[in-house]
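Peer 1: Chain residues, written in single-letter form:
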Amino acid sequence: MNQFEYELAPNVENAVASGRSNGAVFLAGGTNLIDLMKGNLVRPTRLVDINRLPGLDRIEFLPDGGVRIGALVRNSDLAHDPKFARDFPAVAEALLSGASPQLRNAATVAGNVMQRTRCPYFYDAASACNKREPGAGCEARGGHSRLQAILGWSAHCIATHPSDFSVPLVAFDAVVEIDGPQGRRDVALEDFYLLPGNTPERETILAPGELIVAIRLPAQAALFAGHARYLKIRDRTSYAFAVVSAAAGLRIEGDRIVEARLALGGVALKPWRARAAEACLMGRRAGREEFAEASMLALQEARPSGENEFKIELARRLVVRAFERTAIDNTARLSPLPASIVNLTEEIQR
Amino acid sequence: MNKSVNLSINGTRHAVTLDDPRVTLLDLLRERLDLTGTKKGCDRGQCGACTIILNGRRVNSCLTLAVSCGGAEILTIEGLAQGDVLHPVQAAFIEHDAFQCGFCTPGQIMSAVGLIMEGQAGDDEERIREGMSGNLCRCGAYAGITQAVRQAQARMNERERTGEAA
Ligand SMILES: Cc1cc2nc3c(=O)[nH]c(=O)nc-3n(C[C@H](O)[C@H](O)[C@H](O)COP(=O)(O)OP(=O)(O)OC[C@H]3O[C@@H](n4cnc5c(N)ncnc54)[C@H](O)[C@@H]3O)c2cc1C
Ligand code: SF4
Ligand code: FES
Ligand code: FES
Chain B
6 MNQFEYELAP
16 NVENAVASGR
26 SNGAVFLAGG
36 TNLIDLMKGN
46 LVRPTRLVDI
56 NRLPGLDRIE
66 FLPDGGVRIG
76 ALVRNSDLAH
86 DPKFARDFPA
96 VAEALLSGAS
106 PQLRNAATVA
116 GNVMQRTRCP
126 YFYDAASACN
136 KREPGAGCEA
146 RGGHSRLQAI
156 LGWSAHCIAT
166 HPSDFSVPLV
176 AFDAVVEIDG
186 PQGRRDVALE
196 DFYLLPGNTP
206 ERETILAPGE
216 LIVAIRLPAQ
226 AALFAGHARY
236 LKIRDRTSYA
246 FAVVSAAAGL
256 RIEGDRIVEA
266 RLALGGVALK
276 PWRARAAEAC
286 LMGRRAGREE
296 FAEASMLALQ
306 EARPSGENEF
316 KIELARRLVV
326 RAFERTAIDN
336 TARLSPLPAS
346 IVNLTEEIQR
Chain S
200 MNKSVNLSIN
210 GTRHAVTLDD
220 PRVTLLDLLR
230 ERLDLTGTKK
240 GCDRGQCGAC
250 TIILNGRRVN
260 SCLTLAVSCG
270 GAEILTIEGL
280 AQGDVLHPVQ
290 AAFIEHDAFQ
300 CGFCTPGQIM
310 SAVGLIMEGQ
320 AGDDEERIRE
330 GMSGNLCRCG
340 AYAGITQAVR
350 QAQARMNERE
360 RTGEAA
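Chains B and S are the protein sequences, given in the same order. In terms of the numbering used here, the first sequence opens at residue 6 and continues consecutively. In terms of the numbering used here, the second sequence opens at residue 200 and continues consecutively.
Keep in mind that the hints are not guaranteed to be accurate.
[As the list claims (entries may be wrong)] No more than 27 Å apart at the CA atoms, straight line, and that leaves these computed lysine-lysine pairs for DSS-like:
#: 1; chain 1: S; residue 1: LYS239; chain 2: B; residue 2: LYS43
#: 2; chain 1: S; residue 1: LYS202; chain 2: B; residue 2: LYS43
#: 3; chain 1: S; residue 1: LYS239; chain 2: S; residue 2: LYS202
[Unchecked claim] Stretch-level coverage of chain B by chain S, calculated; a stretch enters the list once three of its residues show a Cβ under 8 Å from a Cβ in chain S:
#: 4; stretch: 97-111
#: 5; stretch: 257-270
No lab work stands behind these hints: they were computed from the structure. All figures in this text were calculated on a predicted structure; none of them were measured in a lab. In this text, a Cβ means the ideal position worked out from N, Cα and C, and glycines have one as well.
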């Protein structure tokens with residue numbers, strides 16, 4: 006790890022001012038940043054510790070039914086908040102499917118959204134990586150591609166974004182509240198992340214010094230409370246990153262779907278909102294055939310970035326499963342193994 | 200640049216002067232305070248051997264900078280027993296043969312203490328296994344670990360119930 010200056014920020018204004026200086030980064034839970042620094046993969050010269058910023062550790066339920074989550078709320082505290090888990094079950098499930106209990110106790114919601122890719126070549130200082138060193142090349146091309154993208158990738162970078170939490174956030178139209186040198190602004194999380202294009206080193210729209218202060222979910226998101234799930238396919242049942250994942254939501258009236266939501270994880274450098282799939286379910290029955298049609302639309306533009314063509318079919322099947330499970334009323338029923346695919350009949354009976 | 204940090208570790212106050220901001224809580228405990236019960240496995244947040252209780256929550260001490268812990272209360276494996284009387288989780292680990300080489304054990308025990316405090320697992324083996332998934336055991340003592348956590352939790356709940364009744 007390189008040497009750095011450490012500074013404890015007393016308030017947002019100071020944090021923003023210090024965060025602006027060259028080589029500065031914010032330190033939240035540290036579970037991603039310290040790991041990357043230990044690998045010499047990022048080398049900041051100044052750490053601005055934001056853990057004591059006042060007021061950023063609160064979950065505020067808004068009068069209209071939405072919620073405002075302070076940037077420093079810890080992943081476990083949000084997932085275990087009873088009202089939050091009831092109103093936004095897919096988000097709670099996604100949080101609990103990520104990392105380990107110890108890590109979730111330290112990890113903040115803003116840090117989770119900001120975590121860097123798990124591309125094995127990004128993580129290996131000896132490999133060429135355009136994200137770490139623009140223009141160096143991309144060793145992932147032609148390499149190990151199980152975790153790499155099938156949507157939105159470019160010749161310069163084929164990595165995926167690893168956050169589970171962000172996937173339902175994008176499905177349910179979360180907004181990021183940002184404070185910075187030019188003042189405050191709100192940006193939809195979907196537009197917050199950048200696709201790699203020619204500049205894979207640019208990952209988000211944040212400018213130097215800009216700090217996430219909160220993440221908001223709109224009231225509309227809570228209307229899916231009874232029918233929202235997050236499912237994650239991974240190499241182990243627990244404590245592994247997604248190969249592919251899906252956040253799904255349905256609003257059902259009578260025997261008809263009146264609104265559908267779908268975002269995919271593990272497929273692109275940002276959570277992939279599948280609007281065509283959502284639209285095709287409007288006014289339809291919540292049945293397997295309809296979900297299969299939606300799954301074809303969701304992956305319509307997918308193409309392998311290496312030996313990962315299997316992920317396209319895997320993602321289609323996951324979309325069908327996710328909607329099937331979402332169609333079952335899931336009020337107050339969090340699986341003992343969050344985001345895992347357990348037997349459907351068992352789930353209906355439970 | 201020296202920074203001084205006040206910590207309470209296992210009930211004892213320590214004023215520590217850090218000459219380097221890179222020192223993790225794990226290295227502070229092991230290398231500077233001689234509390235070597237907390238183990239270093241991966242040093243990258245993957246194995247759980249370094250698990251301690253920081254301000255009432257289990258965390259990986261290898262990814263925590265000591266300089267950021269001013270005013271913190273820390274509980275490590277050394278602070279668990281009351282004199283010669285083992286903590287219920289420690290006793291249950293012995294009873295259920297929940298280790299072989301013992302390297303992962305301090306982390307497993309601290310994680311179990313954290314899990315029981317969180318109170319999310321109930322008497323459900325699946326939830327206990329999921330709740331302990333941040334602690335790897337190379338010797339594969341998982342079956343015993345699950346039973347030990349289950350029993351310790353039951354005993355602690357029982358103790359709390361009868362304690363309240365008394
Ligand atoms: C072994 C392991 C397994 C994991 N498995 C999973 C998994 O399965 N799924 C998953 O989703 N995640 C997983 N994670 C990642 C984990 O979720 C992240 O490390 C964590 O959420 C990061 O949060 P933090 O507060 O610790 O961030 P930090 O490490 O403190 O910061 C991360 C980045 O965010 C920036 N940042 C932090 N706060 C702000 C802010 N308010 N404004 C602007 N920038 C900010 C920092 O500057 C830094 O660049 C895993 C991590 C480990 C170590
Ligand atoms: S895929 Fe992206 S992150 Fe991975 S090596 Fe290539 S440029 Fe780097
Ligand atoms: S040593 Fe900290 S998790 Fe492995
Ligand atoms: S007892 Fe040997 S690693 Fe767990």
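Peer 1: Hint by hint, say whether it matches the structure.
Peer 2: Right, here's what the structure says about each hint:
1. S:LYS239 <-> B:LYS43: Holds - the C-alpha atoms of LYS43 (chain B) and LYS239 (chain S) are around 14 Å apart, at most 27 Å.
2. S:LYS202 <-> B:LYS43: holds (21 Å)
3. S:LYS239 <-> S:LYS202: Satisfied, since the Cα-Cα distance of roughly 24 Å is no more than 27 Å.
4. 97-111: As far as the stretch 97-111 of chain B goes, the hint holds, because 7 residues have Cβ atoms under 8 Å from chain S.
5. 257-270: Coverage by chain S is violated here, the residue count being 0 at a Cβ distance below 8 Å.
The earlier numbered hint that this structure contradicts is number 5, and it is the only one.
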